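If you read the sequences in order, they're chains A and B. Counting from 338, one number per residue, gives the positions in the first sequence under our numbering. Counting from 338, one number per residue, gives the positions in the second sequence under our numbering.
What the hints contain is simulated information worked out from the structure, not anything from laboratory work. Predicted model, so just to flag it, every value in this text is computed and none were measured. Treat the hints loosely; a few may be bogus.
As the list makes no split between identical chains, a pair holds if one copy fits it or if it spans any two.
[Said to hold, decoys possible] Listed below are the simulated BS3-like cross-link pairs for lysine-lysine, each with C-alpha atoms no more than 30 angstroms apart in a straight line:
{"id": "1", "residue 1": "K446", "residue 2": "K340"}
{"id": "2", "residue 1": "K571", "residue 2": "K489"}
{"id": "3", "residue 1": "K446", "residue 2": "K365"}
{"id": "4", "residue 1": "K489", "residue 2": "K534"}
{"id": "5", "residue 1": "K340", "residue 2": "K489"}
{"id": "6", "residue 1": "K340", "residue 2": "K365"}
{"id": "7", "residue 1": "K446", "residue 2": "K375"}
{"id": "8", "residue 1": "K519", "residue 2": "K446"}
{"id": "9", "residue 1": "K545", "residue 2": "K489"}
{"id": "10", "residue 1": "K571", "residue 2": "K545"}
{"id": "11", "residue 1": "K545", "residue 2": "K375"}
{"id": "12", "residue 1": "K571", "residue 2": "K446"}
Protein chains: 2
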Amino acid sequence: MKKRATLMDVARAAGVTMMTVSRAINNKSGVSASMRQKILDIARELDYQPNQIARGLATNQTTTVGLVVPDNSNPFFAQIARGVEDQAYEFGYNIFLINTSEDPAREQKALDSLLGKGVDGLILCSSRLSESRLVRYIERYSASVLLNRDIKGAIRNTTAINLNDLRAAQLAVEHFISLGRKNIAHICGPANSISSKKRLEGFTSALKANKFTSFDHLIERSAPDIPSGYAAAKFLLTVHPEIDAIYAFNDLVAVGAVQYCAETGRRIPQDIAVIGNDDIPLASIIRPRLTTIHFDQNFIGRLIMRTLLEIITGEVTPRAIQIEPELYIRESA
Amino acid sequence: MKKRATLMDVARAAGVTMMTVSRAINNKSGVSASMRQKILDIARELDYQPNQIARGLATNQTTTVGLVVPDNSNPFFAQIARGVEDQAYEFGYNIFLINTSEDPAREQKALDSLLGKGVDGLILCSSRLSESRLVRYIERYSASVLLNRDIKGAIRNTTAINLNDLRAAQLAVEHFISLGRKNIAHICGPANSISSKKRLEGFTSALKANKFTSFDHLIERSAPDIPSGYAAAKFLLTVHPEIDAIYAFNDLVAVGAVQYCAETGRRIPQDIAVIGNDDIPLASIIRPRLTTIHFDQNFIGRLIMRTLLEIITGEVTPRAIQIEPELYIRESA
DNA sequence: TTGTATGCGTTATCAA
DNA sequence: TTGATAACGCATACAA
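With these hints in hand, go ahead and build the complete structure from the sequences.
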């Protein structure tokens, strides 16, 4: 391994002091054009690469941000991460990626270590920390963006970005109603999921707003996977064969429901319409193609990073941003 | 935002010098047990978090590694990244994630910036750099692991990890033969893909080893997605209806082939057997469930990180590691 | 067991 | 336009 050239090395080779080189490298004023060119040439020749560690110590800036997610292999967060990284790249930032596995203890360690690394900002997705703990951490970062997590009091230097899950459910219900469906069911997600809670809320409020009454028995809980969706659909349709529409917590649950319907000879969407949520790649692969709620994760990722950058550079930003869902109508409803 | 406590702050509060605090924090010998406890208590009270930037400058170590991948939202690399991060977490390391989009220029920038950040090691996946350029970079890192990229000369401080794609194709072919198939076709991937090249090579050599002759006309190239797989299968089966087995470049291509077969009334696997590659989640969701070649990406990710750690700590490691594939037999073959 | 001096590579500040 | 000096926060080497 070769030893890295330092500012000092370049300075010696150019016959000037480190400061002149520093100014040339960071193209600051105060260096003659000819001198600058000479220094730049020498730097290139020596493969000089600024030591960001030293620079970080001197300036208290690292052009680095932390990205904390439950699981980067979950397609949702994978896309978010991609969007964040793309945008970060464009602005010359690097990102630390850390998974929490939805474990609060691991999340805390992540936040501690990121603090130690001196990141300029923090992106925290689906935090499982208690309000008070979370606030305590946020206060120690000079900039942060929260995804999918509300925070009570307004805190400086932080912005919360949330998916409008209420609206997502509303879109599904309204589409069913426009299709003339009368017995609309909902397979909701895990009880501890905030998204699940909000979608359920949106589901019931949308039905009420449309004069539907008595639908509590058409709501069934399910784990967010295909087999559970299958089981939930089986239960619902066995007890209530009159159901003609199902809004599923996510696409996997929807696929499970579709599979059960197919196996029991129900035609989709003629006999029963199904709407999923998330628009995972599978949604457009299976037959019938799944009608589903779409959030543009890549866009969200870019938005997150841009927002963080605005906070870092001190521009004013709103303290809360809502992401609006879109209904992608395909074949299942 | 609160100002961070430094070693100095803790020292003052404890009435000792920075060095004593430093020893206590890093639990090195030379501090009385009582003193150490007192210091640790004060440090906790002050929310003291070691400044890794300063530590990095002093020790030339950052407990940080760089992970460069073509696209972290590609499930294959997402899983790899997860494995890497999990293992890194266990050893107290943080990872920088950078995407290249398979763009050599972007890859180079990534390697430059990582060098600047002073990472202790580099993980480079599917590098598109020329041999000479790549070697030049590798030499500037004190430790590195290459995935899916061979390098000619043996270089100190680096290990190449490769999937045994040759063997993957061999497994598929041998399974077809054990099934009694006589007309085995292959839909191979993009010409610039190393994996595709090696699988194609494995395919032909396995057939030759089993006394098959004249099968070049049963090989068709395809982009790595469903529609292209569909088109390739259509072409092959139209021209050569006698085909009774297809080994596809990846699962998406296989799904496309399966869809074409289904639409033309061919029974799978009775009339035609299909084997994919990668074992993406979709493979076990569609019907018939796809028989495919499986690599345990999470395991590979962990292996990569462990190997890198061994190089960093100076333990001896092999300069090349092969990952063996497994055939997951499901319903399509 | 504890303390002192010095340096890591860079930038900020002030002087020339 | 250029240079000298200090500072960032910590660890290493050596001394007490």
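Status of the hints after comparison with the structure:
When the C-alpha separation of K446 and K340 is checked against a cutoff of 30 angstroms, the pair qualifies only between copies, where the shortest distance is 19 angstroms, while the shortest distance within a copy is 33 angstroms. Taking the closest pair of Cα atoms, K571 and K489 never come within 30 angstroms of each other, the shortest separation being 40 angstroms inside a single copy and 58 angstroms across copies. When the C-alpha separation of K446 and K365 is checked against a cutoff of 30 angstroms, the pair qualifies only between copies, where the shortest distance is 22 angstroms, while the shortest distance within a copy is 39 angstroms. In the homo-oligomer, the alpha carbons of K489 and K534 lie at most 30 angstroms apart inside one protomer (18 angstroms), although the nearest pairing across protomers, at 56 angstroms, exceeds that limit.
Taking the shortest Cα distances, K340 and K489 sit within 30 angstroms of each other only across copies (23 angstroms), while inside one copy they are farther apart (51 angstroms). When the C-alpha separation of K340 and K365 is checked against a cutoff of 30 angstroms, the pair qualifies both within a copy, at 27 angstroms, and between copies, at 29 angstroms. When the C-alpha separation of K446 and K375 is checked against a cutoff of 30 angstroms, the pair qualifies only between copies, where the shortest distance is 23 angstroms, while the shortest distance within a copy is 46 angstroms. Taking the shortest Cα distances, K519 and K446 never come within 30 angstroms of each other, neither inside one copy (50 angstroms) nor across copies (58 angstroms).
In this assembly of identical chains, K545 and K489 lie within 30 angstroms of each other by CA distance solely inside one copy; the values are 28 angstroms within and 69 angstroms between copies. For the homomeric pair K571 and K545, the shortest alpha-carbon distance inside one copy (25 angstroms) is at most 30 angstroms, but the shortest distance between copies (51 angstroms) is not. In the homo-oligomer, the alpha carbons of K545 and K375 never lie at most 30 angstroms apart, since the shortest distance is 74 angstroms inside one protomer and 61 angstroms across protomers. Taking CA atoms no more than 30 angstroms apart as the test, K571 paired with K446 passes in neither setting, with 42 angstroms inside one copy and 53 angstroms between copies.
Taken one by one, the earlier hints fail for this structure at numbers 2, 8, 11 and 12, listed in ascending order.
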